[in-house]
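Colleague: Input sequences plus hints: build the corresponding full structure.
When you line the sequence shown up against my numbering, it's residues 2 to 260, in that order.
Hints were generated in silico from the structure; no laboratory data involved.
Any given hint could be a false lead.
Taking lysine-lysine pairs in the DSS-like style, the calculated list, with each CA pair at most 27 Å apart, reads [unchecked claim]:
{"id": "1", "residue 1": "Lys208", "residue 2": "Lys113"}
{"id": "2", "residue 1": "Lys150", "residue 2": "Lys171"}
{"id": "3", "residue 1": "Lys61", "residue 2": "Lys208"}
Each pair of labels, with its calculated beta carbon distance range [claimed, not checked]:
{"id": "4", "residue 1": "Ser33", "residue 2": "Ser132", "range": "24 to 30 Å"}
{"id": "5", "residue 1": "Thr37", "residue 2": "Asp245", "range": "39 to 45 Å"}
{"id": "6", "residue 1": "Ser236", "residue 2": "Asn68", "range": "39 to 45 Å"}
{"id": "7", "residue 1": "Ser251", "residue 2": "Ser33", "range": "36 to 42 Å"}
{"id": "8", "residue 1": "Lys150", "residue 2": "Ser33", "range": "38 to 44 Å"}
{"id": "9", "residue 1": "Thr37", "residue 2": "Ala259", "range": "18 to 24 Å"}
{"id": "10", "residue 1": "Lys150", "residue 2": "Ala259", "range": "28 to 34 Å"}
{"id": "11", "residue 1": "Ile252", "residue 2": "Ser167", "range": "37 to 43 Å"}
{"id": "12", "residue 1": "Ser251", "residue 2": "Gly34", "range": "26 to 32 Å"}
{"id": "13", "residue 1": "Asn227", "residue 2": "Ser33", "range": "36 to 42 Å"}
{"id": "14", "residue 1": "Gly59", "residue 2": "Met250", "range": "35 to 41 Å"}
{"id": "15", "residue 1": "Ser132", "residue 2": "Asn227", "range": "17 to 23 Å"}
{"id": "16", "residue 1": "Ser78", "residue 2": "Gln221", "range": "30 to 36 Å"}
Backbone N, C-alpha and C fix where the C-beta goes; we use that ideal spot for every residue, glycine too.
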Amino acid sequence: MKLVNFKKIVVAINVLFCPYYTHATNYTTPISGPITFENGDTVNISNGNSGISDLTTGGKGIQVNNNGAISINTTGSITSAVQLSNGAANNLGSGSTIVTNGNGYASGIEIKGSGTSLTATDLNITAISKSANSAYGLDIENGARVHLKGSSSITATGTGVMIYASPNDKASFTADQVSINATGTNSTGIHTEQNTEVNLGDGSLIKVTGSNATGIENFQGTLTANNLTIIQDSSTGTKGHAIDVRGNMSINGGTITAI
Numbered sequence: 002m003k004l005v006n007f008k009k010i011v012v013a014i015n016v017l018f019c020p021y022y023t024h025a026t027n028y029t030t031p032i033s034g035p036i037t038f039e040n041g042d043t044v045n046i047s048n049g050n051s052g053i054s055d056l057t058t059g060g061k062g063i064q065v066n067n068n069g070a071i072s073i074n075t076t077g078s079i080t081s082a083v084q085l086s087n088g089a090a091n092n093l094g095s096g097s098t099i100v101t102n103g104n105g106y107a108s109g110i111e112i113k114g115s116g117t118s119l120t121a122t123d124l125n126i127t128a129i130s131k132s133a134n135s136a137y138g139l140d141i142e143n144g145a146r147v148h149l150k151g152s153s154s155i156t157a158t159g160t161g162v163m164i165y166a167s168p169n170d171k172a173s174f175t176a177d178q179v180s181i182n183a184t185g186t187n188s189t190g191i192h193t194e195q196n197t198e199v200n201l202g203d204g205s206l207i208k209v210t211g212s213n214a215t216g217i218e219n220f221q222g223t224l225t226a227n228n229l230t231i232i233q234d235s236s237t238g239t240k241g242h243a244i245d246v247r248g249n250m251s252i253n254g255g256t257i258t259a260i
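Modeller: Below, the structure is given as structure tokens:
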């Protein structure tokens, strides 16, 4: 009669069939330079510094393995959750969350510089400032490019998306479908400047609430959208504008509501 070593069999089954698992990491000090995150990683910074700052060209940028999701949370007097100026193709995965809460200036993502790009799917950004109109959900500058895939959301007590560029360094923002919610006096959903391109895809929503709030300020940029919904609510103060156009704009379908 031959004896069977069940211990070896169990070990073999574990090796063959148990999925690979990586423990999530909680980063509590600011991250500087390129990094690759794993699904479930978190960044929690409470001293007013940026959560992630990669400002040197030549690296791999910010990545998330296997299109996973991460969470970034920053608080302090002046704070930016993510700062990118690295000339790299950065990717924040799918389902990531960014929250920044500042006493003064606060931004969810600052991205700038030719060759610097960011892609993310179903990204959620929240930027809150205790100082009036000082929060920016997404700040795109001078040659940078951002593409939000899927269904993303941007919330800010100030400006949802700010995009501007120098005359020779076009910046762009593309979204498949995005919901932008900006609140506060003089709040703005999207603000564009010269030499910029914005494509809001199909079915996006812009809602602004506050005295003198404006849904879209298009100053010499180019903006396109299909089936766009704009809700402008200045019922509690000075009337604002649903759209302030001084550039090129093409909106096919949708609704505009001004209260």
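Colleague: Work down the list of hints and note, for each, if the structure agrees.
Modeller: Results for each hint:
For the hint linking lysine 208 to lysine 113, the alpha-carbon distance of about 26 Å falls within 27 Å, and the restraint holds. Restraint check for lysine 150 and lysine 171: the C-alpha separation of about 21 Å stays at or below 27 Å, so the hint holds. Proposed proximity of lysine 61 and lysine 208 is contradicted: the alpha carbons are some 36 Å apart, above 27 Å. Taking the beta carbon of each, serine 33 and serine 132 are about 26 Å apart, inside 24 to 30 Å as hinted.
For the hinted restraint 39 to 45 Å between threonine 37 and aspartate 245, the CB-CB distance of approximately 41 Å keeps it satisfied. Between serine 236 and asparagine 68 the CB atoms are about 42 Å apart, so this pair conforms to the stated range of 39 to 45 Å. Taking the beta carbon of each, serine 251 and serine 33 are about 41 Å apart, inside 36 to 42 Å as hinted. Take lysine 150 and serine 33: their Cβ atoms lie about 27 Å apart, and the range 38 to 44 Å is violated.
The supplied range of 18 to 24 Å is broken by threonine 37 and alanine 259, whose beta-carbon atoms lie about 45 Å from each other. At roughly 30 Å, the beta carbons of lysine 150 and alanine 259 sit within the given window of 28 to 34 Å. About 27 Å separates the C-beta atoms of isoleucine 252 and serine 167, a value inconsistent with the hinted range of 37 to 43 Å. A hinted range of 26 to 32 Å for the beta carbons of serine 251 and glycine 34 is inconsistent with their spacing of about 40 Å.
One distance hint, 36 to 42 Å for the beta-carbon pair asparagine 227 and serine 33, holds here, with the actual separation near 40 Å. Checking the proposed 35 to 41 Å range against glycine 59 and methionine 250 shows it holds: the Cβ atoms sit about 37 Å from each other. At roughly 36 Å, the beta carbons of serine 132 and asparagine 227 sit outside the given window of 17 to 23 Å. Taken as a hint, the range 30 to 36 Å holds for the pair serine 78 and glutamine 221, whose Cβ atoms sit roughly 33 Å apart.
Hint check: violations occur at hints 3, 8, 9, 11, 12 and 15; the rest are consistent with the structure.
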